[in-house]
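A.B. asks: Taken in order, these protein sequences are the chains called A and B.
1 is the number of the first residue of the first sequence in the working numbering; add one for each residue after it.
1001 is the number of the first residue of the second sequence in the working numbering; add one for each residue after it.
Hint data in this document are derived by calculation from the structure and do not stem from the laboratory.
All C-beta atoms, glycine included, are put in the ideal place defined by N, C-alpha and C.
Hints may be right or wrong, so weigh each one.
Stated by the list, open to error - Below, a sample of chain B positions facing chain A; criterion: calculated Cβ distance under 10 angstroms: (1) G1003; (2) G1028; (3) R1030; (4) Y1035; (5) Q1037; (6) G1042; (7) T1053; (8) N1056; (9) S1086; (10) T1103; (11) F1106.
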Amino acid sequence: SQQGEEDPQALSIQEGENATMNCSYKTSINNLQWYRQNSGRGLVHLILIRSNEREKHSGRLRVTLDTSKKSSSLLITASRAADTASYFCATGPNYGQNFVFGPGTRLSVLP
Amino acid sequence: KAGVTQTPRYLIKTRGQQVTLSCSPISGHRSVSWYQQTPGQGLQFLFEYFSETQRNKGNFPGRFSGRQFSNSRSEMNVSTLELGDSALYLCASSLNMRQGEETQYFGPGTRLLVL
């Protein structure tokens, strides 16, 4: 079964608005990563947050991690049409385990 | 540094055939992982190689196999292709899959269509 589950499955906003995506997972993790995928292409790494971190920023991205609730959120501020993509969370491995990706959130930013 | 490269980018095969996909990781990266992405199942882990050894394997049938060469380049092979094998196959490299430290860098993928 999927370790990470993104919510919502799809999100449509206007340019300039903020977009928030959530990710829940089931077991303990060492890190959680967010990736972006433009239609039918490879994934681009956005940000990694370790299990002992609560919040991390990168440009217009803000990621939070709540290990007690086994959840993470990705906030994209002042969205642009170029942010239109699918966003995936991936839970990082404990030794001997592989990364597990959620089903993704499809974000559409309308001009 | 050059990114992860995958060849070919597109491939059309018929049922029963076999296919080999290639991945060249970022220079210095020793871990290579393969994923299958389909609309129905999402991104699913196939296997991971490090220093020519398979360290981890996903839940796929034995028709799916892979290998890694001494220069860290990796290939995956699918034999006796089925219609359901149509997917985007993604390769990702990282320095080493040490826990809590690794970012995976993905290639553009190989889109396989099985007719």
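A.B. asks: Determine for every hint whether it applies to the structure shown.
C.D. replies: Taking the hints in turn, this is what the structure says about them:
For the restraint placing G1003 of chain B at the interface with chain A, the shortest Cβ-Cβ distance is roughly 9 angstroms, inside the 10 angstroms limit, so the hint holds. For G1028 of chain B, the shortest C-beta to C-beta distance to chain A is roughly 16 angstroms, which exceeds 10 angstroms, and the interface hint is violated. A distance limit of 10 angstroms between C-beta atoms decides the matter here; for R1030 of chain B the minimum to chain A is near 15 angstroms, and the interface restraint is violated. The interface hint given for Y1035 of chain B is met, as the beta carbon of that residue sits about 8 angstroms from the closest beta carbon of chain A, less than 10 angstroms.
Below 10 angstroms, beta-carbon pairs count as interface contacts, and Q1037 of chain B has one with chain A at about 9 angstroms; its hint therefore holds. Annotation: G1042 of chain B was flagged as interfacial toward chain A, and the flag holds, the nearest CB pair being 5 angstroms apart, inside 10 angstroms. With a least beta-carbon distance of about 13 angstroms to chain A, the hint placing T1053 of chain B at the interface is violated under the 10 angstroms criterion. Nearest Cβ of chain A to the Cβ of N1056 of chain B: about 5 angstroms, under the 10 angstroms cut. The hint holds.
Proximity of S1086 of chain B to chain A is violated relative to the hint, the smallest CB-CB distance being about 13 angstroms (cut-off 10 angstroms). Hint on T1103 of chain B holds. Least Cβ distance to chain A is approximately 5 angstroms, under the 10 angstroms limit. Because the beta carbon of F1106 of chain B sits about 4 angstroms from the nearest beta carbon in chain A, less than 10 angstroms, this interface hint is met.
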